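S.K.: Spelled out, the chains give:
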Amino acid sequence: MGHHISRRTLFRTASGLAVAGALGSALTACGGGTGAGSTNDKLTMTWWGSDERHAAYKKVLAAFQKKNSSIEIEERYSGYDGYFDKFNTNVAGGSAPDLLQMDTALVAQYARKGVLAPLDSYVGKSLDLTGFSKTLLAAGTVDGKLYGVPSGIGVNQLTINRSGLEKLGVAYPDPEWTWADLKKVSVEIHKKSGGKLYGTDDVGGGTLQAFEIFAREKGQQLFSTDGKKLGFTSDTLQEWWEYWADMRKAGACPPPAITSAAHNDLTKNAIVIGKALFTFDTGVYGAGGSITDATLDFLPTPRGDWSGAREGNYVNGGVLLSATKASKRVADSVKIVSFLAQDPTAIKDMQLLRGIPPTEKARDLIKAGLNDTDKRNLAMADYISNRVAKATDVLEAPQPPPQGADQIWDLLFQSNLSIAFGKTTVKSQLGKFFDQAAGILSA
Amino acid sequence: MTTAQTDEVVKEPPAAATPSDERERERMRRRLARKRGGGWWPYVFLAPWFVGLFGLTIYPMLDSLYLSFTKFDLLTSPEWIGGDNYDRMFTDDPVFWDSVHATLLYVVVSVPLKLALALGVAILLNRPLRGIGLYRAAFYLPSLLGGAVAVAIVWRQVFGGDGLFNDVLGWFGITGQDWISSPDTALYTLVLLAVWQFGTPMVIFLAGLKQLPKDVYEAAAIDGASPVTRFFKITLPLLTPIVFFNVVLQIIDAFKTFTPAFVVSNGTGGPLNSTMLYSLYLYKKGFTDLQMGYASALAWVLFLVIAGFTAVNFVASRYWVHYDD
Numbered sequence: 001m002g003h004h005i006s007r008r009t010l011f012r013t014a015s016g017l018a019v020a021g022a023l024g025s026a027l028t029a030c031g032g033g034t035g036a037g038s039t040n041d042k043l044t045m046t047w048w049g050s051d052e053r054h055a056a057y058k059k060v061l062a063a064f065q066k067k068n069s070s071i072e073i074e075e076r077y078s079g080y081d082g083y084f085d086k087f088n089t090n091v092a093g094g095s096a097p098d099l100l101q102m103d104t105a106l107v108a109q110y111a112r113k114g115v116l117a118p119l120d121s122y123v124g125k126s127l128d129l130t131g132f133s134k135t136l137l138a139a140g141t142v143d144g145k146l147y148g149v150p151s152g153i154g155v156n157q158l159t160i161n162r163s164g165l166e167k168l169g170v171a172y173p174d175p176e177w178t179w180a181d182l183k184k185v186s187v188e189i190h191k192k193s194g195g196k197l198y199g200t201d202d203v204g205g206g207t208l209q210a211f212e213i214f215a216r217e218k219g220q221q222l223f224s225t226d227g228k229k230l231g232f233t234s235d236t237l238q239e240w241w242e243y244w245a246d247m248r249k250a251g252a253c254p255p256p257a258i259t260s261a262a263h264n265d266l267t268k269n270a271i272v273i274g275k276a277l278f279t280f281d282t283g284v285y286g287a288g289g290s291i292t293d294a295t296l297d298f299l300p301t302p303r304g305d306w307s308g309a310r311e312g313n314y315v316n317g318g319v320l321l322s323a324t325k326a327s328k329r330v331a332d333s334v335k336i337v338s339f340l341a342q343d344p345t346a347i348k349d350m351q352l353l354r355g356i357p358p359t360e361k362a363r364d365l366i367k368a369g370l371n372d373t374d375k376r377n378l379a380m381a382d383y384i385s386n387r388v389a390k391a392t393d394v395l396e397a398p399q400p401p402p403q404g405a406d407q408i409w410d411l412l413f414q415s416n417l418s419i420a421f422g423k424t425t426v427k428s429q430l431g432k433f434f435d436q437a438a439g440i441l442s443a
Numbered sequence: 001m002t003t004a005q006t007d008e009v010v011k012e013p014p015a016a017a018t019p020s021d022e023r024e025r026e027r028m029r030r031r032l033a034r035k036r037g038g039g040w041w042p043y044v045f046l047a048p049w050f051v052g053l054f055g056l057t058i059y060p061m062l063d064s065l066y067l068s069f070t071k072f073d074l075l076t077s078p079e080w081i082g083g084d085n086y087d088r089m090f091t092d093d094p095v096f097w098d099s100v101h102a103t104l105l106y107v108v109v110s111v112p113l114k115l116a117l118a119l120g121v122a123i124l125l126n127r128p129l130r131g132i133g134l135y136r137a138a139f140y141l142p143s144l145l146g147g148a149v150a151v152a153i154v155w156r157q158v159f160g161g162d163g164l165f166n167d168v169l170g171w172f173g174i175t176g177q178d179w180i181s182s183p184d185t186a187l188y189t190l191v192l193l194a195v196w197q198f199g200t201p202m203v204i205f206l207a208g209l210k211q212l213p214k215d216v217y218e219a220a221a222i223d224g225a226s227p228v229t230r231f232f233k234i235t236l237p238l239l240t241p242i243v244f245f246n247v248v249l250q251i252i253d254a255f256k257t258f259t260p261a262f263v264v265s266n267g268t269g270g271p272l273n274s275t276m277l278y279s280l281y282l283y284k285k286g287f288t289d290l291q292m293g294y295a296s297a298l299a300w301v302l303f304l305v306i307a308g309f310t311a312v313n314f315v316a317s318r319y320w321v322h323y324d325d
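Chains L and R are the protein sequences, given in the same order.
Under the UniProt record's numbering, the first residue of the first sequence carries the number 1, and numbering increases by one thereafter.
Under the UniProt record's numbering, the first residue of the second sequence carries the number 1, and numbering increases by one thereafter.
Hints are computed from structural coordinates only; laboratory data are not their basis.
Fair warning: this is a prediction, and the values are worked out from it, not measured in the lab.
Don't take every hint at face value.
As the list claims (entries may be wrong) - Straight-line alpha carbon distances no greater than 27 angstroms define the calculated BS3-like cross-link-like pairs of lysine-lysine that follow: (1) LYS66(L) to LYS125(L); (2) LYS348(L) to LYS361(L); (3) LYS256(R) to LYS86(L); (4) LYS335(L) to LYS367(L); (5) LYS86(L) to LYS58(L); (6) LYS325(L) to LYS125(L); (7) LYS335(L) to LYS66(L); (8) LYS71(R) to LYS432(L); (9) LYS71(R) to LYS113(L); (10) LYS71(R) to LYS325(L); (11) LYS328(L) to LYS66(L); (12) LYS71(R) to LYS86(L); (13) LYS228(L) to LYS71(R); (14) LYS229(L) to LYS71(R).
So that you can see chain L by itself, here it is in the shape it has in the complex (with noise of 0.2 angstroms):
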């Protein structure tokens, strides 16, 4: 019967071109290739941080471009979150930014894989390095050359809400303190706030915060030499897995659901939403303000309390500025750098907003500009930097992370979290955390 169209076909026939469409959008998605470079003949400059970090970054480089007037510089900022897949996709893309914030963590995988330009031949003429430490310049070294130049001076501090501490009538710990100081304190917050406060957020799973120092106490780094295998010892992992188990018995610190909530988002930390006084994670005060309205004060990570234990702590790059190898503007990009690093009035503007300054000059500089909070910080640092240089049992500071190493975070904070939740326990997920780690370094 001519032009009659059956339910049946027309079915089918819709049926068809909807799974035909849907199935190609799921795998078109993962295509690579590499396009031609960015035309745009401003210099493009990415960076993750604050509001605040955000104003200072944007302050300096207008006063930057008012004495470089050739230069003219697109800024493109956002949150931590996909700020590094963002970049991976550029570049990938060919359209990867001149000039970059890059982290410590990071710079030796972007590095070894030819994403960045080394900078070694700049300095001294158009890059400025005057007191800049080897050490610190060790952060953004790779293999001998320097891919990063470091924002200032970092190292791992406890945040801690002092008003608090001193509403419940709990003393303030000495800087000199131990783990089973830790423990001891978070107990007694439990204690007398009713159980309505744990001590610290749990941190079984956490790594430069916390576990990196406690390794490093015991003599052991994260990652051997070559980055092709872990550094530590199952005992270590263990003695550290078995600590935050009783810590969390005793109520020292909170149950897994809030420890999972504050995964990868600050704003759910445990200190911020009011159930802690104490925690290992440094960007609660580091990145810009404070978001609580507690009096903040610092402390540096706690000492091992058995004999033989090591200084942990050491002193690292802060945030990085690295120059993309891709780029035609390098130069450019150097001068930047340079600007960001010496110029008075630009380390003014920035203040603690990306680290502690590098050098003797820029740290006097800002002291008189500084709040309580950050003259407190900035004093923290200062006590931590002066114990590590006059320690003589400290270990070097760790290599750049070899590649693979922010999915060994992740394995260890998922175990913590794992056992936490009781869907494991310590003794067999020590077997598949060392299984799992080898996987991914060896891949």
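Given the coordinates of chain L, work out where chain R should sit on it, guided by the hints.
M.R.: Leaving out everything else, chain R in the frame of chain L:
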């Protein structure tokens, strides 16, 4: 039956051909015959579509197939490693299995719930009520909003430890937990978000319901069939082609879910990989861990799995889908 009636309405009897019409038609036929073979004009007009098809679909697909056999970090050239990616996936990647588990659970729970709700609401909305258009729009609204990042963020707040959902539970004296941060419940918050967006299948069901022949219902009512019997013996069987269509589409859609998992878990797939939906894992591997070759292999496995599910659906449909022609 209805089809016969529609045919009669649609088909107008052609006017009787006049001799001049016959001649005109003959000339056209010859002109077309001459053009055939050298006729490249159609392809010129189709070119924009071909460019899209090859440039944006077929080429990237083939490229991803090639990449799935390589080690490719996006930043340096791909390196051929044969089937290692596929091998690793099935033998040496526990997170892969976590994501398969989460995804299958998500598909199996969310699709039937969503379709049942869509059908139920469609039946309620298939009544001659005052302002029915308004109700339909209201029920469709979540589907317009639901895909948005903003809603997923709201979800995070609603089901968080001190969220709205726990407040509501509190009225009944129930102390809730942090639903998003517990590995046992996190996935179900995503299921709920999916079910809430039942608008699209609902509209399709509604269109199907409107097509159903009235005379069958009248006959059934006269014979004394209850509404329940009418639903199971008439509505559902007649609606099976639509159900089938919706099942196929919703399964494919559910397998590819990304945005809510990404936003609700803050990009982590946590807690404990419980919301690590396959697409999210694929994204993490490709764009965060820079293992684009592995991610491409993951994409192809997803492709084959979805194609497999769809094929099974089509075969099974012979036994339960009822076409009335």
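S.K.: So, for every hint listed, does it hold in this structure?
M.R.: Okay, the hints, checked on the actual structure:
| no. | hint | in the structure |
| --- | --- | --- |
| 1 | LYS66(L) to LYS125(L) | holds (21 angstroms) |
| 2 | LYS348(L) to LYS361(L) | holds (11 angstroms) |
| 3 | LYS256(R) to LYS86(L) | holds (21 angstroms) |
| 4 | LYS335(L) to LYS367(L) | holds (25 angstroms) |
| 5 | LYS86(L) to LYS58(L) | holds (21 angstroms) |
| 6 | LYS325(L) to LYS125(L) | holds (19 angstroms) |
| 7 | LYS335(L) to LYS66(L) | holds (13 angstroms) |
| 8 | LYS71(R) to LYS432(L) | holds (25 angstroms) |
| 9 | LYS71(R) to LYS113(L) | holds (13 angstroms) |
| 10 | LYS71(R) to LYS325(L) | holds (22 angstroms) |
| 11 | LYS328(L) to LYS66(L) | holds (22 angstroms) |
| 12 | LYS71(R) to LYS86(L) | holds (20 angstroms) |
| 13 | LYS228(L) to LYS71(R) | holds (18 angstroms) |
| 14 | LYS229(L) to LYS71(R) | holds (20 angstroms) |
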